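> These are the residues of each chain, in order.
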Amino acid sequence: MSVPHDWIPANTPGATVGAPPREHVLAGLRGTDEGPDLVQLLTPEGERVACPAYDAHVADVDTAALRALYRDMVLVRRADREATALQRQGELGLWVPLLGQEAAQIGAGRALQPGDMAFPSYREHGVAWCRGVDPAALLGIFRGTDHGEWDPAATGFHLYTIVIGNQCLNATGYAMGQKFEGRVGGPDAQATMCFFGDGATSQGDVHEGFVWAAVYDAPVVFYCQNNQWAISEPNERQTRVPLYRRAQGYGFPGIRVDGNDVLACLAVSRWALEECRTGNGPVLVEAFTYRMDAHTTSDDPSRYRLADELELWKLKDPLERVRVHLVRGHGVGNDFFDELAAESDELAARLRAHCHAMPRPGPERIFSHVYAEPSPELDAQRDAYLAYCASFEGGVR
Amino acid sequence: MTVTMAKALNDGLRAAMEDDPKVVVMGEDVGRLGGVFRVTDGLQKDFGEQRVLDTPLSESGIVGAAVGLALRGFRPVCEIQFDGFVFPAVDQISSQLAKLHYRSQGRLRMPVVVRIPFGGGIGAVEHHSESPESLFAHTPGLKVVACASPSDAHWMLRQAIAADDPVIFLEPKRRYWEKGEVDDDPPPLHNARVLRRGSTAVLACYGPMVRTCLDAAAAAEEDGHDLEVIDLRTLSPLDLDPVFDAVRRTGRLVVVAEAPSSVSVAAEVAARVQEQCFHSLESPVLRVTGFDTPYPPSRCEDDYLPDLDRVLDAVDRAVAW
Ligand SMILES: Cc1ncc(C[n+]2csc(CCOP(=O)(O)OP(=O)(O)O)c2C)c(N)n1
Ligand SMILES: [Mg+2]
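Quick mapping for you: the protein sequence lines, in order, are chains A and B. Read left to right, the first sequence gives residues 0 to 396 (numbering that gives the first Met the number 0). Read left to right, the second sequence gives residues 0 to 320 (numbering that gives the first Met the number 0).
Chain B on its own, in the form it takes in the complex:
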């Protein structure tokens, strides 16, 4: 049976709440409304107001209170309504959530998940299309993952909730309505995944760009290019062994992400690949990303967001090097 990513997440939350009575869901409009993307639809009705909290409108409050609940043995799953609204919570995330295990020399655990719908492509107004992953990947103590398919959405969320470290859980909002099967046998949370084998070049990507890269790889066949596509899935820690392996086979890598490229996850991938695979590289590692600008008005987003053409252009440049 195929389900949308939103439904797969909803089922995942439900399963996690059934498995463990300490799992609580908290956020703005997550209860009665079921979340603005309906990811928490029906949960408050079935689990009650004490396990699905329509919180006051404050993100610092959501994460700060989740830290307190975690100290008490709860496993909070926080929803930040949109990527651009996580910033009021960044103090709590960076100063407490990320550091309490370290500061307490391991005495305290922070099994908190912060779910963030991220990325653009839905024609939204300001602050609703951002890609803040690098900020969190740059914060030691946090784990950061991004799902790209309904199956990963379902299982990665359950795995993140079961984990004893804080996880920033990024959901590609423009893919919420895409459908897919939910597998029976999920890979571990912090593994990258080869989605397609290829011999010409490698596309490394995550979140919303996975679909874009798969489409690009299919289109590239016509040009005689056989592209490998790797879904990174975990941004902190990174799992780059599959990427190193593929680069050693193909000699070319294009990293694709929506976020601005400077000081980004994509930049980190490029740096590590040149460290590990220097002699295998036939061309420089290229990045296809958003520009180093604020997210533009939505009528410009087709220009801002990496698309099939820009990915294939980079492949051509890598091949022609």
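The shape of chain A in the complex, shown without the other chains:
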């Protein structure tokens, strides 16, 4: 069997390269060392740098397209901040912030075609946005009124998966289905993208997903957002090698992209999806980014990481570099930014109003859709409970 080594970097160094040096760990600067293989098209300073391997994949991105990417990021960040505020005000039980990961998600989400399928974890509000899932539809999960209000088939966006890693096997199976139905290699080719975190890479389901996808040449892009932390655990608790190198062991390509560079994320994701569509899947993409907020609104990151680290990553903010590039490189003026600010405010107000108006589900919700086929036993349980509720004054207990 021939070994595909064109994607193994020449002079591959030892196993622990890419792991941050000890002094960085101690100083709380861990994870800022992206390594030599990072794909970047837009520097943190907003400068467009040439990247011969991937430039062609974003050759069509003109000023308007770049503005659209920026708009996406601004709006999802604003929705994220509004949801965080709603949680603080007791309107949501929990929120899982995406702050800092906007580029990683919008780049990937905008690379997806309508016929593709995405399998999110629980932080992919930006990908949801790109799939046409309104941010308001995400709120029910966190308000406790539902487990996901959107139609996965209609949107090409599966339900959020909270159990870490589960979706990697589901995405693999879905992609196998795409292949079995002949949707690889032709003009109507499709692909699947599976989202998960750095912590998730320790789960058996993720490794099994890699094995299965490789064995069946499944058209799936494993898109790992390495945001440096799994709640309180830094990357070093999960791996000795940079995560993208794991792919090598499974026999498919792994690429590390600057996850705070929306253009690079778009280019690499388009390339990876195209590989899958033409039958060269699977592919692992590691989007190297940073969780700028707490793990969730229940978490207190000051217990386990130093503020210096966040300050360092603020210099690499995914939105700021595009703003600078739009102004300096494309002459975009204040009007655009002003209009966008107004649009963000409208979105936030709409989300807030929607959240306040969300009805509490009735008790019958507990019993509905447990099975696709009738279940007389459960129906009897439901009827008994509803009769019990009706026995209270006013019919509610």
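Just so you know, these hints were derived from the structure itself, not from any lab. Remember, predicted model here, so these are calculated numbers, not experimental data. The beta-carbon is built from N, C-alpha and C at its ideal position, and this holds for glycine as well. Among the hints, a few may not be true.
Between beta-carbon pairs, the in silico distance windows are [said to hold, decoys possible]:
hint	chain 1	residue 1	chain 2	residue 2	range
1	B	Asp-301	A	Glu-148	20 to 28 Å
2	A	Asp-307	B	Arg-37	23 to 31 Å
3	A	Glu-148	B	Trp-320	38 to 46 Å
4	B	Pro-283	A	Ala-389	22 to 30 Å
5	A	Gly-248	B	Gly-105	34 to 42 Å
6	B	Arg-316	A	Gly-361	20 to 28 Å
7	A	His-329	B	Ser-94	56 to 64 Å
8	A	Leu-311	B	Gln-49	25 to 33 Å
9	A	Ala-389	B	Arg-247	31 to 39 Å
10	A	Glu-376	B	Asp-90	25 to 33 Å
11	B	Ser-261	A	Pro-358	26 to 34 Å
12	B	Asp-184	A	Leu-314	53 to 61 Å
13	A	Ala-371	B	Pro-283	28 to 36 Å
14	B	Gln-49	A	Arg-239	15 to 23 Å
Here are the simulated lysine to any residue pairs, SDA-like style, with alpha carbons at most 20 Å apart [unchecked claim]:
hint	chain 1	residue 1	chain 2	residue 2
15	B	Lys-44	A	Ser-301
16	B	Lys-44	A	Tyr-303
17	B	Lys-21	B	Arg-71
18	B	Lys-6	A	Ser-297
Chain A regions said to be covered by chain B (calculated; three or more residues, Cβ under 8 Å) [said to hold, decoys possible]:
hint	stretch
19	202-212
20	230-237
21	360-372
Take the given structure of chain A and dock chain B with the ligands to it, following the hints.
Frame of chain A; chain B with the ligands shown alone:
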């Protein structure tokens, strides 16, 4: 001095680690963070990274590696972050942890504790409110216990760690912040406990439902009902002698649990009581439980979870039979 259940567990772990250098704590975020419920707070600082392990994010890994450590003479205490995340570990729990003593004809021991915060009532998102106890109680080779008070939390955990069998240790997460005294004289691990004597009917319960049943018993006094409340504490093995005794005195039993009722611990209690106390029963044994559905979105959990009203409704039905 009163302490919260979380603190009582923390003190219990600390004492167990001081007593025995082979006790190691392992789980996700248990070290630096001290666990998402702070049950392991400060332990890594005091005992070091080799005794309090922030493990890779894999539950099968946590339990599977604990089995290996136990083979080497360690006494691992595993933390599963939430009930709904134990399932990746169920293979290791069922295939190895529960069976190695049996398979080795007693040559190997598995003194492993798997701590699981369980149950609902905290308004959480999916997979954070489940009650998987029946799955483990249905697995021969495992012992399964549930604490309900700070004192029991403290002592039962220490007893579980000292035991030579694997123990699934269930902690009612919505009671972590309730306070109580830690007694000086704990009962044995595998004993049920009568918390309140009564003559009208018996409430048998465990974990988060113990507080609910005590409240119900207090409220029932107004209706002239004198309820006995028994905290089962140990779900495998069950200790039902106190329940049989109480049923023989009162003739009525209501079993209360958050888990779905079909094929459950509550169902087992009901079955054994009708076997042992058939002639004493004045009414059928009733169950007040969660419904046979997945745990619902949290805004529905007040309907899903047994509460005072539903418990008292069952008592009324038993009395009126
Ligand atoms: C199977 C499982 N175990 C534990 C958890 C609890 N948990 C939720 S998020 C998380 C960390 C995930 O880290 P990572 O994969 O890096 O994703 P991130 O949250 O950083 O996006 C953990 C341990 C879970 N949801 N599922
Ligand atoms: Mg992470």
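> Run every hint past the structure and note whether it holds.
Hints versus structure:
The supplied range of 20 to 28 Å is met by Asp-301(B) and Glu-148(A), whose beta-carbon atoms lie about 21 Å from each other. Asp-307(A) and Arg-37(B) have their C-beta atoms about 25 Å apart, which keeps the hinted 23 to 31 Å range intact. In this structure the supplied range 38 to 46 Å holds for Glu-148(A) paired with Trp-320(B), their Cβ-Cβ distance being about 44 Å. A beta carbon spacing of about 23 Å between Pro-283(B) and Ala-389(A) agrees with the range 22 to 30 Å that was offered as a hint.
The beta-carbon spacing between Gly-248(A) and Gly-105(B), approximately 40 Å, falls within the hinted interval of 34 to 42 Å. Between Arg-316(B) and Gly-361(A) the Cβ separation comes to about 24 Å, which falls inside the hinted range of 20 to 28 Å. Evaluation of the 56 to 64 Å hint for His-329(A) and Ser-94(B) yields a pass: the beta carbon distance comes to about 60 Å. Roughly 30 Å separates the CB atoms of Leu-311(A) and Gln-49(B), a value that falls within the hinted 25 to 33 Å.
Between Ala-389(A) and Arg-247(B) the beta carbon distance is about 37 Å. The supplied range of 31 to 39 Å therefore holds. The hinted range of 25 to 33 Å is satisfied by Glu-376(A) and Asp-90(B), whose Cβ atoms lie roughly 30 Å apart. For Ser-261(B) and Pro-358(A), the Cβ-Cβ distance of about 30 Å falls inside the hinted range of 26 to 34 Å, so the restraint holds. Distance hint check for Asp-184(B) and Leu-314(A): the Cβ-Cβ separation is about 60 Å, which falls inside the suggested range of 53 to 61 Å.
Distance hint check: the CB atoms of Ala-371(A) and Pro-283(B) are about 33 Å apart, consistent with the given range 28 to 36 Å. In this structure, Gln-49(B) and Arg-239(A) meet the distance hint of 15 to 23 Å, their C-beta atoms being roughly 18 Å apart. For the given pair, Lys-44(B) sits about 16 Å from Ser-301(A) by alpha-carbon distance, which is consistent with the 20 Å threshold. Under the criterion of a C-alpha separation no larger than 20 Å, the hint pairing Lys-44(B) with Tyr-303(A) is consistent with the structure, at around 12 Å.
Note on Lys-21(B) and Arg-71(B): the hinted pairing holds, with a Cα-Cα distance of about 10 Å set against a maximum of 20 Å. With a C-alpha separation of about 19 Å, the suggested pairing of Lys-6(B) with Ser-297(A) holds against the 20 Å cut-off. Evaluation of the coverage hint for the stretch 202-212 of chain A: fulfilled, as 3 residues show C-beta separations to chain B shorter than 8 Å, against a requirement of three. Coverage of the stretch 230-237 of chain A by chain B holds in this model, with 5 residues showing a Cβ closer than 8 Å to a Cβ of that chain against a need of three.
Requiring three or more residues with a Cβ within less than 8 Å of a Cβ of chain B, the coverage given for the stretch 360-372 of chain A holds, as 6 such residues are present.
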